[in-house]
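Peer 1: Read off the chains here:
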Amino acid sequence: MINESKVKILSKLAGFEKKHRKTPEELEKLTKGRMVAHGVCWTVIMTTVAFLIILILLSFYKGSLGTNWYSFLGGSYDKLFRPGILIAYAAFELFYIVVAIVFYSKKYKNMKKELEEYRRRRTNYNDFYGREDK
Amino acid sequence: MTTFLLELKERWSRLYDRHEKKILFIFKFAFSLIALFLLTNEIGFLTVLKNPLVIIPSAAVCAFTPGFVTVIVLSVFVFMHLFSVSLQLAMVVMAVMLVMYLLFFRFCPKAIYILLLVIFCFCLRIEYVLPVCLALMLSFNYIFAVDFGIVLFYIFHTIGAYEAVLTRQTSVDKVGVISYLAESILNNRAMIAVLIGFSVTFLLVNIVRRLPISYARAYSIIAGVISQLILLIVMDIWLGAGLHLPAVIAGTIVSTGIAFIFNVMFFGADFTRQEHLQFEDDEYYYYVKAVPKRNVTVSDVKVTHINAKSLKDRGTTEFTPVDWPDDDNADK
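Chains Y and F, in that order, give the protein sequences. Number 73 in the working numbering belongs to position 73 of the first sequence; there are no gaps in the numbering. Number 213 in the working numbering belongs to position 213 of the second sequence; there are no gaps in the numbering.
Just so you know, these hints were derived from the structure itself, not from any lab. Incorrect hints may appear among the rest.
Stated by the list, open to error - DSS-like, lysine-lysine: derived pairs with alpha carbons at most 30 angstroms apart:
1. F:K21 - Y:K6
2. Y:K22 - F:K110
3. F:K9 - Y:K12
4. F:K21 - Y:K19
5. Y:K32 - F:K110
6. Y:K19 - F:K22
7. Y:K12 - F:K28
8. F:K289 - Y:K6
9. Y:K8 - F:K28
10. F:K289 - Y:K109
11. F:K22 - Y:K18
12. Y:K109 - F:K28
13. F:K22 - Y:K113
14. F:K28 - Y:K19
15. F:K21 - Y:K29
16. F:K9 - Y:K8
17. Y:K22 - F:K9
18. F:K293 - Y:K12
19. F:K28 - Y:K18
20. F:K289 - Y:K19
21. Y:K12 - F:K21
22. F:K22 - Y:K112
23. F:K50 - Y:K8
24. Y:K6 - Y:K109
25. F:K289 - Y:K22
26. Y:K106 - F:K110
27. Y:K12 - F:K22
28. F:K110 - Y:K18
29. F:K110 - Y:K12
Predicted model, so just to flag it, every value in this text is computed and none were measured.
Take the sequences, apply the hints, and build the full model.
Peer 2: The following block contains the structure:
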């Protein structure tokens, strides 16, 4: 005979473990600063790649196809470091850093709430069914 | 009508609970199949990939695998079709899709399905249903998925329209044609009109439905429908977008109906029975408005057929009483 409430608790515990792909002990040790910093680093890398792709696409739009990228820059990479492009890059990165900080802070807060819920269910499970399993 | 819709929702929920895997499989297969056929219809340059013997197994693969595989299969189809025309064209379109992923979809992976839905509706020419219905269910950030979907659709549509030009050009000329295509897409007035109209409608519906007033969702639908109509008509006149106005009006009317049906089925709150409560504890005074949900229970009607044999089949025309044991005998 299947114990319905036991199965429900176990399913929710399994759901949490599958979602986060880390043990609850590892998640306990994770601090907000570390999670946000990790997220911001990846965001800076991805948005830099995206910015470079956008620059290349803009060069296509301006009809510079047929020349390779280096010739388009006039045989020098200095063109990439013009003030206009640097200011645009800085503004672009600043915006996405703010977005990343907000996003990962919220993600950390939700993760902590779910971890508390997980701990509570785990304690309930051990109290009710711990002896049975042994 | 409300009761009918709520009962329908209850029946569908039960049906889904019982046959979840089969329903999901059929839905994913049908969606992938139609999406691949629509994609082939728009940018079907590569003959091999237009063959149903390639499309149907691909849709079957999408049905058996997780959702992200559908996205990968569709991206591969797009790349292969465009690669058959020009490597540069394929790389440009893939670069645009990569930028969309890096800037938005990595934060919100589930929004990719909204992007697919938007392209799907545009290909089926039922796009005007989208802004109000999606805004009722989704949060603000999904507006980017809607906008990216619109941009991608117009990219595919423009490339499909220039198919004859692209297939005739030499590899050197194609480079210039890509510039010309980029210009056509960015200056596409219909795309600009639809982008502005849909974005403003989406934001407006989202803002109004979150207001702390009764019937906020109903007001948001009305506001969204009116704003969509006015904006698209104004954009059409001002920009000369060339939108098909009867389709705009018909689509908007249909979206109103669908939005109200969604509202009743999925967000049913009975404002006629709302209660205002007031209480306090040591820290706060509470002023609470409680609005009960509309719920309908569907009765499980089971009809049992009692198959009585006819008296002729029993070989007698008279009723034969059953011999019940005597009370005296029963004890023995």
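Peer 1: Each hint needs a verdict: does it hold in this structure or not?
Peer 2: Hint check results:
1. In summary, the hint linking K21 (chain F) to K6 (chain Y) is supported, as the alpha carbons are separated by about 24 angstroms, within the 30 angstroms threshold.
2. Distance check on the hinted pair: K22 (chain Y) and K110 (chain F) sit about 21 angstroms apart at the alpha-carbon level, within 30 angstroms; holds.
3. Taking the CA atoms of K9 (chain F) and K12 (chain Y), the gap is about 26 angstroms. The hint holds against a cut of 30 angstroms.
4. A threshold of 30 angstroms between alpha carbons decides the hint, and for K21 (chain F) with K19 (chain Y) the separation of about 21 angstroms falls inside it, so the pair holds.
5. About 24 angstroms separates the Cα atoms of K32 (chain Y) and K110 (chain F), which keeps this hinted pair within 30 angstroms; it holds.
6. At most 30 angstroms may separate the alpha-carbon atoms for a hinted pair to count; K19 (chain Y) and K22 (chain F) meet this at roughly 24 angstroms.
7. Of the supplied pair hints, the one linking K12 (chain Y) and K28 (chain F) holds, its CA atoms being roughly 26 angstroms apart against a limit of 30 angstroms.
8. For a cut-off of 30 angstroms, the pair hint linking K289 (chain F) to K6 (chain Y) is broken: about 36 angstroms separates their Cα positions.
9. Between K8 (chain Y) and K28 (chain F) the CA atoms are separated by roughly 28 angstroms; this keeps the pair inside 30 angstroms, and the hint holds.
10. For the hint linking K289 (chain F) to K109 (chain Y), the alpha-carbon distance of about 28 angstroms falls within 30 angstroms, and the restraint holds.
11. Of the pairs offered as hints, the one joining K22 (chain F) and K18 (chain Y) holds, with about 24 angstroms between alpha carbons and a cut-off of 30 angstroms not exceeded.
12. With a C-alpha separation of about 34 angstroms, the suggested pair K109 (chain Y) and K28 (chain F) falls outside the 30 angstroms cut-off, and the hint is violated.
13. Among the hinted pairs, K22 (chain F) with K113 (chain Y) is inconsistent with the structure: their alpha-carbon atoms are about 34 angstroms apart, more than 30 angstroms.
14. With a CA separation close to 23 angstroms, the supplied pair K28 (chain F) and K19 (chain Y) stays within the 30 angstroms bound.
15. Between K21 (chain F) and K29 (chain Y), the direct Cα distance comes to roughly 38 angstroms. Violation of the 30 angstroms bound is thereby established for this hinted pair.
16. Between K9 (chain F) and K8 (chain Y) the CA atoms are separated by roughly 25 angstroms; this keeps the pair inside 30 angstroms, and the hint holds.
17. The suggested pairing of K22 (chain Y) with K9 (chain F) is violated, with an alpha-carbon distance near 37 angstroms, which exceeds 30 angstroms.
18. About 26 angstroms separates the Cα atoms of K293 (chain F) and K12 (chain Y), which keeps this hinted pair within 30 angstroms; it holds.
19. Using a Cα cut-off of 30 angstroms, the hinted pair K28 (chain F) and K18 (chain Y) holds, with the two alpha carbons roughly 23 angstroms apart.
20. For the hint linking K289 (chain F) to K19 (chain Y), the alpha-carbon distance of about 35 angstroms lies beyond 30 angstroms, and the restraint is violated.
21. Of the supplied pair hints, the one linking K12 (chain Y) and K21 (chain F) holds, its CA atoms being roughly 20 angstroms apart against a limit of 30 angstroms.
22. Distance hint between K22 (chain F) and K112 (chain Y) is unfulfilled; the C-alpha atoms sit about 36 angstroms from each other, more than 30 angstroms.
23. Between K50 (chain F) and K8 (chain Y) the alpha-carbon distance is near 47 angstroms, which puts this suggested pair outside the 30 angstroms criterion.
24. Simply put, K6 (chain Y) and K109 (chain Y) have alpha-carbon atoms about 28 angstroms apart, close enough for the 30 angstroms limit, and the pair holds.
25. Taking the CA atoms of K289 (chain F) and K22 (chain Y), the gap is about 40 angstroms. The hint is violated against a cut of 30 angstroms.
26. At roughly 17 angstroms between alpha-carbon atoms, K106 (chain Y) and K110 (chain F) fall within 30 angstroms of each other, so this suggested pair holds.
27. A distance of roughly 24 angstroms separates the Cα atoms of K12 (chain Y) and K22 (chain F); the hinted pair therefore holds under the 30 angstroms criterion.
28. Using a Cα cut-off of 30 angstroms, the hinted pair K110 (chain F) and K18 (chain Y) holds, with the two alpha carbons roughly 17 angstroms apart.
29. Under the criterion of a C-alpha separation no larger than 30 angstroms, the hint pairing K110 (chain F) with K12 (chain Y) is consistent with the structure, at around 22 angstroms.
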